[in-house]
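**Q** Here's the letter readout for the chains.
There are 2 protein chains.
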Amino acid sequence: MKNHLLTTLFFLATIGFTSYAQEALFRAQNIISPEIHEDNSVTFRLHAPNATAVQVTGDFLPSVKMETPMGLMDGPGKAELKKGENGVWEFKTPVLDSGLYNYSFTIDGFSSIDPGNPFLIRDVASVTNIFIVGGGHADLFMTNDIPHGTVARRWYDSPGLGMDRRITIYTPPGYEISTEKYPVLYLLHGAGGDEEAWLALGRTAQIMDNLIAQGKAKPMIVVMPNGNVIQDGAPGEGSKNFYKPQFMIPKTMDGTYEGTFEDIIKFVESNYRVKADKASRAIAGLSMGGFHTLHISRYYPNTFDYMGLFSAAIMPREDATGKVYSNFDETLKAQMDNGYKLYWIAIGNRDFLYKANQEYLEKLKGMGMPHDYVESEGGHTWKNWRVYLSQFAPLLF
Amino acid sequence: MKNHLLTTLFFLATIGFTSYAQEALFRAQNIISPEIHEDNSVTFRLHAPNATAVQVTGDFLPSVKMETPMGLMDGPGKAELKKGENGVWEFKTPVLDSGLYNYSFTIDGFSSIDPGNPFLIRDVASVTNIFIVGGGHADLFMTNDIPHGTVARRWYDSPGLGMDRRITIYTPPGYEISTEKYPVLYLLHGAGGDEEAWLALGRTAQIMDNLIAQGKAKPMIVVMPNGNVIQDGAPGEGSKNFYKPQFMIPKTMDGTYEGTFEDIIKFVESNYRVKADKASRAIAGLSMGGFHTLHISRYYPNTFDYMGLFSAAIMPREDATGKVYSNFDETLKAQMDNGYKLYWIAIGNRDFLYKANQEYLEKLKGMGMPHDYVESEGGHTWKNWRVYLSQFAPLLF
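Here the protein sequences come in this chain order: F and L. Its first residue numbered 1, the first sequence is counted upward by one per residue in UniProt numbering. Its first residue numbered 1, the second sequence is counted upward by one per residue in UniProt numbering.
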């Protein structure tokens with residue numbers, strides 16, 4: 001009796017919950033996709049009895065060359081699913097390396113998410129499914145049964161930009177019950193990103209929790225601001241509410257962000273229990289955030305002891321105008337002369353910014369500016385940036 | 001020259017960013033969907049040149065009767081999109097009331113999200129698009145240019161459940177810089193939900209920010225725990241990492257959660273600047289969370305001055321066993337005798353739990369237990385629960 005009533009209640013609730021739940025219940029029942037097997041091969045499944053062709057596109061498949069206006073470039077690979085019993089299409093990968101992977105389906109030419117997998121990430125305006133294959137370095141991207149830090153979405157006042165702005169802040173496990181002061185890593189996103197990017201795409205909270213639990217990184221606060229100065233928050237989270245996110249956002253690389261970065265430092269240092277000295281400040285960023293890191297650390301020359309340039313969008317100097325970008329050589333030299341503990345540059349050997357980074361490395365060598373350089377496989381991808389964070393954070397403080 | 005280089009950089013970055021960005025760029029370029037017009041009609045668009053039929057299913061369309069094993073029930077309406085130039089399908093709604101709406105597309109029989117709209121919500125294992133039509137009560141669900149509270153995802157120790165568990169906590173604007181003590185609303189999700197549900201589906205942070213800014217609700221802390229005692233966090237956020245969420249989760253209504261709820265109260269009252277007295281504690285929940293509210297407020301009889309039962313899943317008493325559910329009548333009477341300020345019950349006139357709630361109201365009347373009752377249109381939906389929260393919060397403290 002008890003079970004019958006419970007079942008009825010649950011069934012009715014399922015129907016009523018949003019009315020969509022029911023659709024999901026009948027449509028996708030018993031479909032597990034992706035299924036990660038014990039040997040780290042992965043099976044994708046899709047119930048599409050009327051489809052004539054289904055492909056999976058993902059970064060775990062051998063990459064293919066894509067025609068672009070800039071020439072041939074690497075793109076994610078594609079594989080065909082095969083139609084089986086009951087209209088369920090399937091594809092099984094070979095054994096995969098440990099990693100966090102993205103994919104989408106193409107059903108009769110139409111690109112779709114996997115209805116069997118509710119775990120999605122948004123990158124600019126594009127939403128794709130993700131999954132994690134553990135048993136290797138991607139264990140760092142998993143939530144494990146260890147002490148966890150807190151992730152807060154707060155709003156800070158930026159007098160320089162004349163608005164309240166949303167910011168994401170990771171405080172390490174124990175922060176709330178400790179009286180200790182902590183060092184701070186400022187972690188900057190790339191073009192098209194926002195204050196959600198490093199958390200969602202970068203798995204920052206998981207990486208930091210894991211590194212700290214393993215004793216590989218010191219407990220630190222990680223501050224993830226929004227580098228798009230015309231936004232007060234991420235698309236869907238700021239006062240513009242829902243709109244289609246764009247990759248090209250005005251004023252992202254005109255010096256405004258760098259020139260007002262002190263608003264963020266002041267907010268953090270007056271609102272968190274931090275060590276407010278150069279030795280306890282690090283700044284790093286990917287792509288455009290690497291460009292911002294380069295300029296912020298130089299523009300505030302005696303502020304940061306640790307710099308991380310991940311696949312940095314190093315722009316030709318002559319294109320950078322305005323106060324922040326002026327006197328480049330002199331201020332870079334001043335940064336060198338003031339001293340620091342780490343100037344860490346990482347890039348993939350197939351990154352489209354590889355050449356620009358090599359030129360910058362030559363420049364640093366030429367002026368005798370100490371730096372560390374890590375060259376990885378691959379291109380301009382989150383796959384690399386997650387690894388760079390997990391390599392950089394242990395070097396700090 | 002500057003613009004050319006910038007454009008090149010951005011283009012290259014777009015290609016490289018995830019490789020998906022490029023697909024999105026070419027596929028969905030210039031497609032705006034949904035487009036909310038000035039008169040609050042809405043146009044949906046989908047680029048699908050090879051499709052033969054495209055429908056939109058949404059809760060803004062006249063509902064249709066669906067056959068279910070429990071009889072005919074209301075389901076979301078469907079409308080046909082028409083194929084236009086360049087393979088773009090379109091449908092324009094009539095003028096819509098202010099509200100937050102869900103929808104999905106069906107393309108040749110296959111259910112899909114709208115690739116033009118990256119704003120999605122997950123309800124159990126089902127992902128749908130959302131949009132907001134403002135100009136009315138849904139302005140409460142928008143992020144407006146007003147002071148904002150902080151939303152933190154923290155982990156608390158539950159000795160009663162023997163694990164660290166994830167919890168979502170809203171602190172009102174100014175909390176961090178104030179020395180004031182705040183009252184607390186404990187806000188509980190329904191079956192299939194978790195510590196993300198009230199934020200994502202319920203728009204709690206936006207509702208509270210707006211009500212507080214308008215002076216309609218007192219600044220308060222809102223605590224959103226996870227009511228599934230076998231989980232340490234939401235699907236994708238806890239230590240089980242990514243798996244297919246299920247609606248029926250064991251041990252959600254067996255008394256374990258209610259019996260260990262003191263762990264949550266203790267955590268909040270020792271980690272936040274709160275008024276730790278009965279007059280400053282409220283508890284409310286939807287569906288299963290209404291059931292939990294009923295039992296928690298009775299089991300800890302002198303703890304809460306404000307109770308909110310939103311479409312509560314009021315179970316027949318004889319089905320509830322175990323310590324928490326025993327002595328129902330006596331403990332309910334004790335709760336009445338101890339006194340409280342508000343016992344607020346709300347339900348839609350087409351909710352499948354309507355009858356159970358009417359019976360409970362009769363019971364309360366019979367025993368002379370003071371309560372307030374609000375009957376709304378509609379069924380067992382987030383549309384109602386968002387409104388109930390916006391009606392209940394102003395009555396508190």
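Everything labelled a hint here was simulated from the structure, so no lab data went into it. Fair warning: this is a prediction, and the values are worked out from it, not measured in the lab. A hint or two may mislead.
It does not matter which identical chain is used: a pair holds within one copy or between any two.
Unchecked claim - In silico SDA-like links for lysine to any residue, alpha-carbon gap of 25 Å or less:
1) Lys92 x Gly174
2) Lys278 x Met73
3) Lys181 x Ala152
4) Lys266 x Tyr175
5) Lys363 x Leu72
6) Lys78 x Lys266
7) Lys218 x Pro183
**Q** Quick one: lysine 78 to lysine 266, C-alpha cut-off 25 Å, is that within a copy, between copies, both, or neither?
**A** neither (48 Å within a copy, 52 Å between copies)
**Q** Please sort lysine 278 with methionine 73 into within, between, both or neither, judging by C-alpha distance up to 25 Å.
**A** neither (41 Å within a copy, 64 Å between copies)
**Q** Could you place lysine 92 and glycine 174 in one of the four classes (within, between, both, neither) given a Cα distance threshold of 25 Å?
**A** neither (43 Å within a copy, 52 Å between copies)
**Q** Under a CA distance limit of 25 Å, which applies to lysine 266 and tyrosine 175: within one copy, between copies, both, or neither?
**A** Cα proximity of lysine 266 and tyrosine 175: in one copy and across copies (19 Å, 18 Å).
**Q** Evaluate lysine 218 and proline 183 at a C-alpha cut-off of 25 Å and name the case that applies: within, between, both or neither.
**A** Within one copy only: 9 Å inside, 35 Å across.
**Q** At most 25 Å between alpha carbons: which applies to lysine 363 and leucine 72, within, between, both or neither?
**A** So lysine 363 and leucine 72 fail the 25 Å test inside a copy (29 Å) and across (73 Å) alike.
**Q** Are the CA atoms of lysine 181 and alanine 152 at most 25 Å apart within a copy, between copies, both, or neither?
**A** Both ways: lysine 181 and alanine 152 sit 18 Å apart in one copy and 20 Å across, limit 25 Å.
Hints 1, 2, 5, 6 from the list above are not met by this structure, while the remaining hints are.
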